[in-house]
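Number of protein chains: 2
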Amino acid sequence: MRNPAVPEIRALCFDVFGTVVDWHGSVQAEVQRLGLPVDGSAFALAWRAGYAPAMQEVRSGALPWTDLDGLHRRILDRLLAERGIALDEAAAADLNRVWHRLQPWPDSVAGLALLKRRFTITTLSNGHVALLVNMAKNAGLPWDTVLSAELFGHYKPDPQVYLGAARLLGLAPQQVMMVACHPSDLRAAAACGLRTAYVARPLERGPGGGQEGYTPGEFDIEVPDFLALADRLAPPEKSAP
Amino acid sequence: MRNPAVPEIRALCFDVFGTVVDWHGSVQAEVQRLGLPVDGSAFALAWRAGYAPAMQEVRSGALPWTDLDGLHRRILDRLLAERGIALDEAAAADLNRVWHRLQPWPDSVAGLALLKRRFTITTLSNGHVALLVNMAKNAGLPWDTVLSAELFGHYKPDPQVYLGAARLLGLAPQQVMMVACHPSDLRAAAACGLRTAYVARPLERGPGGGQEGYTPGEFDIEVPDFLALADRLAPPEKSAP
Numbered sequence: 001m002r003n004p005a006v007p008e009i010r011a012l013c014f015d016v017f018g019t020v021v022d023w024h025g026s027v028q029a030e031v032q033r034l035g036l037p038v039d040g041s042a043f044a045l046a047w048r049a050g051y052a053p054a055m056q057e058v059r060s061g062a063l064p065w066t067d068l069d070g071l072h073r074r075i076l077d078r079l080l081a082e083r084g085i086a087l088d089e090a091a092a093a094d095l096n097r098v099w100h101r102l103q104p105w106p107d108s109v110a111g112l113a114l115l116k117r118r119f120t121i122t123t124l125s126n127g128h129v130a131l132l133v134n135m136a137k138n139a140g141l142p143w144d145t146v147l148s149a150e151l152f153g154h155y156k157p158d159p160q161v162y163l164g165a166a167r168l169l170g171l172a173p174q175q176v177m178m179v180a181c182h183p184s185d186l187r188a189a190a191a192c193g194l195r196t197a198y199v200a201r202p203l204e205r206g207p208g209g210g211q212e213g214y215t216p217g218e219f220d221i222e223v224p225d226f227l228a229l230a231d232r233l234a235p236p237e238k239s240a241p
Numbered sequence: 001m002r003n004p005a006v007p008e009i010r011a012l013c014f015d016v017f018g019t020v021v022d023w024h025g026s027v028q029a030e031v032q033r034l035g036l037p038v039d040g041s042a043f044a045l046a047w048r049a050g051y052a053p054a055m056q057e058v059r060s061g062a063l064p065w066t067d068l069d070g071l072h073r074r075i076l077d078r079l080l081a082e083r084g085i086a087l088d089e090a091a092a093a094d095l096n097r098v099w100h101r102l103q104p105w106p107d108s109v110a111g112l113a114l115l116k117r118r119f120t121i122t123t124l125s126n127g128h129v130a131l132l133v134n135m136a137k138n139a140g141l142p143w144d145t146v147l148s149a150e151l152f153g154h155y156k157p158d159p160q161v162y163l164g165a166a167r168l169l170g171l172a173p174q175q176v177m178m179v180a181c182h183p184s185d186l187r188a189a190a191a192c193g194l195r196t197a198y199v200a201r202p203l204e205r206g207p208g209g210g211q212e213g214y215t216p217g218e219f220d221i222e223v224p225d226f227l228a229l230a231d232r233l234a235p236p237e238k239s240a241p
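Going line by line, the protein sequences match chains A and B. Quick note on the working numbering: the first sequence kicks off at 1 and runs consecutively. Quick note on the working numbering: the second sequence kicks off at 1 and runs consecutively.
Extracted from the complex, chain A is given alone in its bound form (with noise of 0.2 Å):
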């Protein structure tokens, strides 16, 4: 059967950085239009490269609880240092902030509402909760609600982040289906009984950047697109009328 039943999942929660917004792209194209004197890709991997050891020293708790912003900008001074590239500190906050401005990839707003008519969709990203909701105005992400590390003071993977969206959300691990294209996401939020869609976004590091593996059948579902997730789980034939 093309399209297996699957009556107890009730919401969705999705992944944000690649998954539904390209930041690789948007980074890049942020610091060409700035003129930084740097190879804006390579920048944008480099940032992006910082990103979980610094969640690593919050969690072994050299850092106190960071939101994303502190911890990108962290990140941002060091590369900005090593380059000797001095910006003032208005211009560096505003840089800082491009996370807040990702642009989503072609298929995710469309994919979002038809996922929508069916399911409680939800960001479960590690992005806090002001950036979430910034990056959903500018985007046109049509949200039922925001979901974030920031609720649960833990970062993804820690399984509080996954039970918590479960719990806040009043149902079973079961009922939630969690989607990224990160197997590592999807390997965590299934030890903790979620559900899992593996949505593959193979220039989430620009061409050429590569995807972390799995074995094919891993995952419930394994889609190229939101479309195609859409397609699978909340065809027109069974949405509600």
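Please keep in mind that the hints were generated in silico from the structure rather than gathered at the bench. Careful, some of the hints might be misleading.
Treat identical chains as interchangeable: a pair holds within one or across any two.
[Unchecked claim] Straight-line distance between alpha carbons at most 25 Å, and here's what the computed SDA-like set of lysine to any residue pairs gives: (1) 116 with 106; (2) 116 with 196; (3) 137 with 109; (4) 116 with 200; (5) 116 with 100; (6) 116 with 101; (7) 137 with 8.
Let chain A serve as the given structure and place chain B on it in line with the hints.
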């Protein structure tokens, strides 16, 4: 000037029960639909009257943190017992969830849509996240996000709720306007530095049910409904293109 410029406001936080949705009329209709041997209006008023004392039990520590479904169910079970009405568990649980299915006032959805063009619009309710998300899906309320007392472990009018909302939105309190039909809610918000908009909802407790009094001019804005609020805050000539 009829439409004073209020450029510093970035987000509107809405009280929900009474301000956005008609709890009295919705509960009354449900009780009548079920054919319970009670006066629907009186039953709705009694159910709601149990709510402030129940929150006070949480505030005093007599009850641990309990979400609104839990508080509503405690009150419902007492009201049914007092009236000698026996409902099986499924029927009682479904009746308790009428608070997830409350109907909006006639101006609510259209007014929120207009205000959303210019501001971040969010709930700031003592209802828990799951209830507010279910209500929004059912009633078509176009929130940018759902904020709840549940996220702060405090019920309004505790200051942690108002200050917590501003913090999660990444805004200063004076960039946030509380919108409510309850002067006591607005006074508590103002004490935390938020702006205030009073919306009259003369039928909140049904015809002749009365309203909490206030002094005209006490709040930054005082309007009859959400369309008038949009006219004051987001008039067409000031809307973003």
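Hint check results:
{"no.": "1", "hint": "116 with 106", "result": "both (17 Å within a copy, 23 Å between copies)"}
{"no.": "2", "hint": "116 with 196", "result": "within (17 Å within a copy, 32 Å between copies)"}
{"no.": "3", "hint": "137 with 109", "result": "both (12 Å within a copy, 18 Å between copies)"}
{"no.": "4", "hint": "116 with 200", "result": "within (20 Å within a copy, 32 Å between copies)"}
{"no.": "5", "hint": "116 with 100", "result": "both (22 Å within a copy, 18 Å between copies)"}
{"no.": "6", "hint": "116 with 101", "result": "both (22 Å within a copy, 18 Å between copies)"}
{"no.": "7", "hint": "137 with 8", "result": "between (30 Å within a copy, 17 Å between copies)"}
Hint check: no violations occur; every hint is consistent with the structure.
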